[in-house]
Amino acid sequence: MNSRLAPYLTALAVMAALALVPPLIKFIAPDKWELTAHIGIKILLNVGFGLCLWMMLQAGELSLGQGGFITIGAYTTGILVAKYNLISVVWLGYLAGALAAAVIALMLGYLIVHLKRIFFLLVTWSFAEMLHPVLTSFEHPFGGAMGIIDIPAPEGLTLFSESWTGYYYLALIYGFAVLWIVWRIAGSKVGLITKSIGQNDTLVTFCGLYVRKYKVMIFVLGCFITGIGGGILASYLTAISPETFTFFTSLDIIMFNLIGGMGTMAGPIVGAVILSGLNEYLFAAGYWRMVVYGLIIIFFITLLPGGMVSLPAALRKRFTRKTKKQEVGLG
Amino acid sequence: MADRSILRVENVSKNFGGLVALSEVSFHIEKGDFFGLIGPNGAGKSVMVNVISGLYSPNKGRVEFDGRQITGLRPDRIIREGLSRTFQHSTLFFDLSVRENIMMGVRAMADMGLAEAILGSSSARSKDKAIEDRSQEVIDLLGLEQQAEEVAANLPYGLQKIVAIGIAIAPKPKLLILDEPLTGLVAAEVDQVMGHIASLNQQGMTIFIIEHNMRAVMNFCSRIVVLSFGNKIAEGAPGEIQRNREVIKSYLGE
Ligand SMILES: Nc1ncnc2c1ncn2[C@@H]1O[C@H](COP(=O)(O)OP(=O)(O)OP(=O)(O)O)[C@@H](O)[C@H]1O
Ligand SMILES: [Mg+2]
Numbered sequence: 355m356n357s358r359l360a361p362y363l364t365a366l367a368v369m370a371a372l373a374l375v376p377p378l379i380k381f382i383a384p385d386k387w388e389l390t391a392h393i394g395i396k397i398l399l400n401v402g403f404g405l406c407l408w409m410m411l412q413a414g415e416l417s418l419g420q421g422g423f424i425t426i427g428a429y430t431t432g433i434l435v436a437k438y439n440l441i442s443v444v445w446l447g448y449l450a451g452a453l454a455a456a457v458i459a460l461m462l463g464y465l466i467v468h469l470k471r472i473f474f475l476l477v478t479w480s481f482a483e484m485l486h487p488v489l490t491s492f493e494h495p496f497g498g499a500m501g502i503i504d505i506p507a508p509e510g511l512t513l514f515s516e517s518w519t520g521y522y523y524l525a526l527i528y529g530f531a532v533l534w535i536v537w538r539i540a541g542s543k544v545g546l547i548t549k550s551i552g553q554n555d556t557l558v559t560f561c562g563l564y565v566r567k568y569k570v571m572i573f574v575l576g577c578f579i580t581g582i583g584g585g586i587l588a589s590y591l592t593a594i595s596p597e598t599f600t601f602f603t604s605l606d607i608i609m610f611n612l613i614g615g616m617g618t619m620a621g622p623i624v625g626a627v628i629l630s631g632l633n634e635y636l637f638a639a640g641y642w643r644m645v646v647y648g649l650i651i652i653f654f655i656t657l658l659p660g661g662m663v664s665l666p667a668a669l670r671k672r673f674t675r676k677t678k679k680q681e682v683g684l685g
Numbered sequence: 144m145a146d147r148s149i150l151r152v153e154n155v156s157k158n159f160g161g162l163v164a165l166s167e168v169s170f171h172i173e174k175g176d177f178f179g180l181i182g183p184n185g186a187g188k189s190v191m192v193n194v195i196s197g198l199y200s201p202n203k204g205r206v207e208f209d210g211r212q213i214t215g216l217r218p219d220r221i222i223r224e225g226l227s228r229t230f231q232h233s234t235l236f237f238d239l240s241v242r243e244n245i246m247m248g249v250r251a252m253a254d255m256g257l258a259e260a261i262l263g264s265s266s267a268r269s270k271d272k273a274i275e276d277r278s279q280e281v282i283d284l285l286g287l288e289q290q291a292e293e294v295a296a297n298l299p300y301g302l303q304k305i306v307a308i309g310i311a312i313a314p315k316p317k318l319l320i321l322d323e324p325l326t327g328l329v330a331a332e333v334d335q336v337m338g339h340i341a342s343l344n345q346q347g348m349t350i351f352i353i354e355h356n357m358r359a360v361m362n363f364c365s366r367i368v369v370l371s372f373g374n375k376i377a378e379g380a381p382g383e384i385q386r387n388r389e390v391i392k393s394y395l396g397e
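Going down the list, the protein sequences come from chains A and B.
Just add 354 to the spot in the first sequence (first one is 1) and you have the working numbering.
Just add 143 to the spot in the second sequence (first one is 1) and you have the working numbering.
Same shape as in the complex, but just chain A (with noise of 0.2 Å):
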């Protein structure tokens, strides 16, 4: 086989396994389905929220503001095709989004992109919690504290007859979309360029290459590609308040990478899948699920630095370690 061919041909199999979800549960346990494919749903969006990130990780952006992006995605679709009725189309609602999205980490980044990760996170953090105070405030475009209401789902999902079934395959696409384009970008020069901005910027400025137009380009696409992420989620909830995305959002597109790992691609793909679906359960600890976040974070920060992704290879060291030690005791 052509290994070329091979990681397109592994994706398009997971995707139609994927795809053979629905009829499967449908088939075995139908009152099933509609709480797994609403767990699907979330997971197959993050897996595009967290890769997104992992894209700009690689350029050493560390945003704490990604729920903003998914904010505005989502606010500009509903303003757009709900409570002004300005776009008849919803996908093209969708587009407005990502573009609105584009357009702020445009200004945003261009302002921001060189500067230190901590402080890149600083900024990014508190953009994102900025919009919580002015959505609220104003009700028109953004409907004050109700927030927007009534928003359709996209032409053609309504053939379906359960609309979570619609999203589910609406997320499917979206996920393995994102996939998509991230692993050409991480496979190709520009991505090369990127993981070397990561890793020393001065020597890729003496590449002759301007790191703040790169490091731009890769938080506007990143940012982009999570507005039309948020547009979808807004039909989905059909309705959207301040209250929605919230701070946890942000640190959740951050906690896919630390708990998969942001080594290789498939670390936010495993931690969105690990965490989206513990989520169901952390709803219900209420405050409790900070504490039980903190703990997370300390673990994979101290213990797993490398993610779940590394935990095969880490156990294999610390085995090997061992018994290395034992033979040197022996000697």
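Hints are computed from structural coordinates only; laboratory data are not their basis.
Mixed in with the good hints, there may be bad ones.
Cut-off 20 Å, straight-line C-alpha distance, at most; resulting in silico cross-link-like pairs (SDA-like, lysine to any residue) [claimed, not checked]:
| no. | chain 1 | residue 1 | chain 2 | residue 2 |
| --- | --- | --- | --- | --- |
| 1 | B | Lys315 | A | Tyr564 |
| 2 | A | Lys396 | A | Tyr564 |
| 3 | A | Lys549 | B | Val294 |
Since chain A is already given, all that's left is putting chain B with the ligands on it; use the hints.
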């Protein structure tokens, strides 16, 4: 005369707070020269390279490269004008392979756009090929075939220094500035690195080297400038520099 010189440094001064790192230093390098900049530790040699390559802006003075004023230009623009530099402290992309490190230096990297990278268009493929061909050329030139796929961090120090030179020469610069390329190398490695540099010079690349290894400097350089406490104290051919009393004093201390 003017059209022969590739680099002109005129009255460059650089202060850090109260510290005068460079004080009204002027010199020029002719095309094809093997030029040496020497001086005791802290003399301001690295600061000079940082000013020339745009990392620091000078408090006074100007730098002209290949007939064009480059003071105030962004460093990446200066590099694209055809000037390359290495760093005193081993500076590489340590998690990348040797091949990837060298690719980063290739000029065509700057032309790759995001959309063509995603779509893998034919223009992207031809740029890819140009980048890969050039990096292979550099790998062959520096004898790095064996280590091409190895992660840079795993290389011995001497080879890391050679890879750093590989990144710098990948874009075929007109002027190559090397900040202490021999520090930390054993004798055999010194000969190897100097051999590479000399052959680049023979092929027409102008060399600007900063070194504490006097044997290498005196053997290879055609002209030398000596800095001490930010001042130029001597300039001339190796023989003249070796006999210069100011230079001897500054190295031995008073
Ligand atoms: N970024 C900086 N900020 C403050 N002082 C600096 C900076 N860079 C260099 N200096 C100071 O400028 C002086 C000249 O330093 P420079 O690194 O140019 O010395 P050098 O000639 O390269 O010495 P060496 O042979 O040890 O590399 C030193 O006193 C150094 O401490
Ligand atoms: Mg120095």
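Hint check:
no.: 1; hint: Lys315(B) / Tyr564(A); in the structure: 19 Å, holds
no.: 2; hint: Lys396(A) / Tyr564(A); in the structure: 37 Å, violated
no.: 3; hint: Lys549(A) / Val294(B); in the structure: 14 Å, holds
The structure fails hint 2 only (numbered hints given earlier).
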